[in-house]
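Here is what each chain is made of, one letter per residue.
Protein chains: 2
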Amino acid sequence: MNFNKALENIKVYEAGKPIELVVREFGINDKDIVKLASNENPKGCSPLVQRAVSDIVAKMALYPDDSMMKLKEGLSSHFNIAQNEVIIGAGSDQIIEFAIHAKASSTQTILMNSVTFAMYEVYAAHVGANIVRTKSREHNLEEFYALYLEHKPSIIFICTPNNPTGDATKREELLLFLDKIDSDTLVVVDGAYMEYGMYKDEAYAITPSALIKKYDNVLYLGTFSKAYGLGGMRTGYGIAQEGIINALYKLRPPFNITTLSLEAASVALEDQAFVKDSMELNASEMKRYESFADENSMEYIESYTNFITLLLGTAKNSTDIASALLRRGMIVRDLSGYGLNAIRVTVGTQKQNSRFFELCTEILKG
Amino acid sequence: MNFNKALENIKVYEAGKPIELVVREFGINDKDIVKLASNENPKGCSPLVQRAVSDIVAKMALYPDDSMMKLKEGLSSHFNIAQNEVIIGAGSDQIIEFAIHAKASSTQTILMNSVTFAMYEVYAAHVGANIVRTKSREHNLEEFYALYLEHKPSIIFICTPNNPTGDATKREELLLFLDKIDSDTLVVVDGAYMEYGMYKDEAYAITPSALIKKYDNVLYLGTFSKAYGLGGMRTGYGIAQEGIINALYKLRPPFNITTLSLEAASVALEDQAFVKDSMELNASEMKRYESFADENSMEYIESYTNFITLLLGTAKNSTDIASALLRRGMIVRDLSGYGLNAIRVTVGTQKQNSRFFELCTEILKG
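Top line first, the protein sequences correspond to chains A and R.
Plus 4 on top of the position in the first sequence (first one is 1) and you've got the working numbering.
Plus 4 on top of the position in the second sequence (first one is 1) and you've got the working numbering.
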């Protein structure tokens, strides 16, 4: 059977066996496997959320409230925006998908950082859009602006804090950049890790209400997968002026969020104490990673997120290091696929991080 | 801001307030509202599923197993197919979306029944495909074949049992039709209500393994939303030969199913006793609807599903009847939007159905 030509340029994302199974094949018990690869919240999710979801498991039989009233009210109140300025997606990934399908096509260009969240490229391939990337590892908005003038992209992705590198863009710098972009170019500001960035340094805090008050071409993205500890529930959101939200809504499949996810996210928003505790744990454990790196003369990228990117220099190879850790039951992300000789490590619990330091020391010596 | 032209032809699906709220505005208490509008399972979902999901609420923090190993093993075993012959979607809706994006475009035609599942048209609009429909209310495969010859569609949708009418297509008839379709035309056999159809009459049982063994151009769809009582968890599947599954996989976003949905669906498959009980309840209550219709000289479409479509003739108007029921706290589906002067009523619990008969009698007399 023949399929649409656009499919030819899409690589199948073939998820293999769960990596826990792979590790088990090395003779390691489940309880000894530590996964610091997906930037999940090491505190799990709020006990209030767990209780609320347990209480409504019988409602799994009922279709979700497709108006998402409760969650929209929560987001509207939390971010001080109107309810018609927000759209909820199956992860912020789905909002990226809507944005690309609404605004890009095979005759258009999408501008993004040299190293950034992989899904921008994946969805760009779906519509066959041309991708232009900056050269610098960290977001350099002067480079972005030069490429903007040269290529007139229909979408610009700014990921701050950036995944998988962990660095961030200062608010003032971003605003000066946005001032120079024409109103028909959609600028997506992906703040999936923003809660961590703003906790670390207020100069990096970008709040969606301020953004969309001033700019009619900005779409801010957020997620419940990180700070709120709901990576398994696939719930994210986009915030923009009503015109953009209405366009994205045209591409939203009905019932794109499960009944339990809506409840989980709504209750998670109400438990800001959990978020604060998560930020505190992350900040104190991050210091341990920095000390570890300094003590072992490893370079790292200063992180505004819940992960740290350790740069391995010329003497070590990130794929080798990641494999050696894997054989010992420690799962981290090798960034060689992003063109970096680096590993990305999620900041876990105190115990998990200690285990990482122990194994990493063992391997670096070996 | 300008958006892609294709969006102009898409109507925003604006979900209003939850209909329960509307009903409450008529001064009706929550506990007196009966919703027989979404073909949800009146038995809810299996207690085993509820327990299994409650047990893993802490796992909401963890990304889903993107290989979906456990659920694929379950489906593979249940349907006697290989694991590379199945793809899992956020509802079978998402498989419809993948199929249309993989195989249709603005230069191609999609063939479907005059009255059928609304999402075929919604996703066809996303790619700007031309839609051709048969004339008969029920699937008439001779009409389908004539239109196939005339329009050479890239996709044909056969919905059996059909939603929102409830009638079904005999297996033998479908197979004879499939024999005549060229192998580059994708035939989607949507069996969302198949468990009900095959319980009622074996001649209507269409099993995916038999289909895909013989036809390399058939994609069978199923869902956990109906017989398995998991409408809120957005989990469906597509079954086809590997070539089709691989093409659809290219369009699948990673992590398209939540962690709890994967668990719910996997356990639901194991509780076939729950499905059987659901079928029995549905069959016996369906008889009551038929008797009610006969006693009130109402016409209906013989149903192979968990809902019944009551035809209102010329003396009554379906919108009026549905509104009158709504004001009394009874929510059913008015089919006027489908060009039918009819209401679609989900077969509920014995008590819910009795309430429907009572209110309907009151309104018909009024």
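Among the hints, erroneous ones may be present.
[Unchecked claim] Straight line, CA to CA, 27 Å or less: simulated BS3-like cross-link-like pairs of lysine-lysine:
hint, chain 1, residue 1, chain 2, residue 2
1, R, K35, A, K74
2, R, K15, A, K35
3, R, K15, A, K74
4, A, K39, R, K63
5, A, K156, R, K9
6, A, K280, A, K355
7, R, K156, A, K74
8, A, K35, R, K47
9, A, K74, R, K9
10, R, K9, A, K9
11, R, K63, A, K9
12, R, K9, R, K47
13, A, K47, R, K39
14, A, K174, A, K291
15, A, K369, R, K9
16, A, K47, R, K63
17, R, K9, A, K63
18, R, K47, A, K63
19, R, K39, A, K9
20, R, K15, R, K35
21, A, K63, R, K156
22, R, K280, A, K74
23, A, K280, R, K47
24, A, K39, R, K15
25, R, K156, A, K355
26, R, K355, A, K63
27, R, K9, A, K291
28, R, K47, A, K15
The set of hints was computed from the structure by calculation and includes no laboratory data.
Item to check | Hint check against the structure, violated hint numbers in rising order | outcome: 2, 7, 8, 9, 11, 12, 13, 15, 17, 19, 20, 21, 22, 23, 24, 25, 27, 28
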